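*Asks:* The residues making up each chain are set out below.
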Amino acid sequence: MQQTSSETKYLTEFYHLPEFKGLEGYKKNGGYVDLEKALKMQPQQIIDEVKTSGLRGRGGAGFSTGMKWGFLPKNDEPRYLLCNADEGEPGTFKDRMMMEKAPHQLIEGMIISGYAINSKKSYIYVRGEYDESINTLATAIQEAYKAGYLGKNILGSGFDHDMDIYRGAGAYICGEETGMISSLEGLKGQPKLKPPFPAVQGYLRKPTIVNNVETLAVVKYVIRDGAAAYKKYGTEKSTGTKLFSLSGNVTKPGNYEVPLGYPLKDMVYTLGGGFKPGRKLKAVIPGGSSAPVMTAEEAMKATLDYECLAQMGTMLGSGAIIVIDDNQCMVECLANLMHFYHHESCGQCTPCREGTGWLDKIVHSILAGKGRMQDIELLIKVADNMKGKTICALSDAAALPVLSFVTKFREEFEYFVREGKSKVKGVAYVAHNSH
Amino acid sequence: MFELSSEGKQQVLNELKRYEAKESAVLPALYIGQRENKGFINAEVIRALSNVMGIPESHINEVFTFYSMYNKTPIGKYHVQVCRTLSCMLNGAKELTHHLCKELNVKLGDVSSDGRFTVTEAECLGSCGTAPMMQINDKYYENLTPESAMNLLRGMK
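Taken in sequence, the protein lines are chains V and G.
Read in order, the letters of the first sequence correspond to residues 1 to 435 in the working numbering.
Read in order, the letters of the second sequence correspond to residues 1 to 157 in the working numbering.
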């Protein structure tokens, strides 16, 4: 364990070593000893340990990993493990770092997880743009096969496991687990109605567990240290450490690992280095662009854990913290996000397909200085009609930023409509909608 | 008429055998077709893939149009994708895109007159801590200024 300027380097302890990327360097620093340990345990023991550790999915939804695994049918039907490396939530760049700096950490976590859930085949679904991640993982998987960590009868345990990479092709929605399964099946990445949940019917209608990169890497450490030791980090309901991707207007953006429950204020001002001279905090989006925005005042009181952020009406999400300073126009920020959700809606459900389009149009018309006062209410009305009405959460993910931006920074929206220009920047913008 | 090279055809056949479901090979096959057709996909590429794979053109076409990494129109030798989403915008992505288009004298999505560059905007590329950034073909270029980005492009012949 290495403590550096109030980071807690648990998963990232050896990330500063370039050798950690290769098999030899990884083994020199504790690599694959936990796989050996796990293969001597009963699979159910591993599931119980993960359940007891309190580990919650690190991709965004924060669902209990052990409980998810527990949904698998209790039979010998073939089942798949699918690693979600389609990191696409705006503001998130932690999984990319993990794959590029420590591919074997993920692979070891996946083999242990595969053993626990009795899966003989896993895929890592990586977003297509992450060329370096894909190449790094491909090399690491080959190394793991050569060393006998993958393939038949792993380390003489009798357990077989194969692993392959699947390259995405540019679609945010494929980060949604059923959308990802559609994509892996060679279809449009459209989500599927749940139930049945993937654990019961997933890839090719076989039971499938979909877990995020960080979640699967953590499994190795739960086995190494035991659930009780893991739970010493974090809070009662948000156990462990978490990688946070900090971006936006701070002077030291980057990935930081801290225990859950860490004060957001310290993330922004200590680790993030605060702001450029003369600028100050205006707003924070704490969990990726789908998380409702917080005012500066709210942000200063928040701690980075699932329950605190939920209580404050927002969410921890993927751990992507986007910091906005007082030089930024909130109308412009919201317009940027609405363009994103409109572009990424898969088009399957009407409230989302039409709703994201209207939100994008309305907020861009305000941004062009052509808004009407009633458009502000219209934004709220459209967003309200998009919540909870679709197959997946993308519709809600577009609605929630709208409701929080317009409610908490209403004055900026009203000023823009009244004066035809940004309160902060003093100009309007030509609407551009390049789809 | 577009035809896959014998090497490309072999790669598509390998992808067909690689996954449990034959259809899973559609996404990788589209990448192969795109690479062999100077960086974009049209009806002829779809037809050629359909013939090799034994999967209906309509299916391949549906998949092709859904994903953003398959180009629908001809593309320059260097495809410059500037990330436009929030963290990059907060750090000057709009200015970056504007500067590149102006200096290269191209509109977004068009190919420059010498055939070298196409500039497009991309949604969040997962490089938010090193904003603003761009992807040129497969590679990421991070922590850019309009000038540093333009200097990089000038070096690409």
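Keep in mind that the hints were calculated from the coordinates and are not lab data.
Where hints are given, some of them may not hold.
Output of the computed footprint for chain V on chain G, the stretches with three or more beta carbons under 8 Å from beta carbons of chain V [said to hold, decoys possible]:
{"id": "1", "region": "11 to 24"}
{"id": "2", "region": "39 to 47"}
{"id": "3", "region": "61 to 75"}
{"id": "4", "region": "87 to 97"}
{"id": "5", "region": "110 to 119"}
{"id": "6", "region": "141 to 151"}
The list that follows gives simulated cross-link-like pairs (lysine-lysine, DSS-like), each with its CA atoms no further than 27 Å apart [stated by the list, open to error]:
{"id": "7", "chain 1": "V", "residue 1": "Lys361", "chain 2": "G", "residue 2": "Lys72"}
{"id": "8", "chain 1": "V", "residue 1": "Lys370", "chain 2": "G", "residue 2": "Lys22"}
{"id": "9", "chain 1": "V", "residue 1": "Lys280", "chain 2": "V", "residue 2": "Lys152"}
{"id": "10", "chain 1": "V", "residue 1": "Lys40", "chain 2": "V", "residue 2": "Lys152"}
{"id": "11", "chain 1": "G", "residue 1": "Lys72", "chain 2": "V", "residue 2": "Lys206"}
Only a predicted model underlies this, so the values are computations on that prediction, with no experimental measurement involved.
Ideal placement from N, C-alpha and C gives every residue a C-beta, glycine not left out.
*Asks:* For Lys280/V and Lys152/V, compute the direct alpha-carbon distance and say whether it is at most 27 Å.
*Replies:* Violated, at roughly 57 Å.
*Asks:* Are the Cα positions of Lys361/V and Lys72/G separated by 27 Å at most?
*Replies:* Given pair Lys361/V, Lys72/G holds - Cα atoms ~24 Å apart, limit 27 Å.
*Asks:* Tell me if chain V covers the region 87 to 97 of chain G under the three-residue, 8 Å CB rule, please?
*Replies:* holds (count 4)
*Asks:* Confirm or reject the coverage of the region 110 to 119 of chain G by chain V under the rule of 3 or more residues with a beta carbon closer than 8 Å to the chain's beta carbons.
*Replies:* violated (count 0)
*Asks:* Given as covered by chain V, does the region 141 to 151 of chain G meet the bar of three residues or more with CB within less than 8 Å?
*Replies:* violated (count 0)
*Asks:* Within 27 Å, alpha carbon to alpha carbon, are Lys40/V and Lys152/V?
*Replies:* 16 Å, holds
*Asks:* Is the Cα-Cα distance between Lys370/V and Lys22/G 27 Å or less?
*Replies:* Violated. Lys370/V to Lys22/G sits at ~51 Å, over the 27 Å cutoff.
*Asks:* Is Lys72/G close enough to Lys206/V, meaning Cα to Cα at most 27 Å?
*Replies:* 34 Å, violated
*Asks:* Take the region 61 to 75 of chain G, compare each residue's beta carbon with every beta carbon of chain V, and decide whether three or more fall closer than 8 Å.
*Replies:* holds (count 7)
*Asks:* Against chain V, does the region 11 to 24 of chain G show at least 3 residues with beta-carbon separation below 8 Å?
*Replies:* holds (count 7)
*Asks:* Using a Cβ cutoff of 8 Å, are there at least 3 residues of the region 39 to 47 of chain G near chain V, or does the coverage claim fail?
*Replies:* With 0 residues in contact (Cβ-Cβ under 8 Å with chain V), the coverage given for the region 39 to 47 of chain G is violated.
In this structure, the earlier hints numbered 2, 5, 6, 8, 9 and 11 are contradicted, and the remaining ones agree with it.
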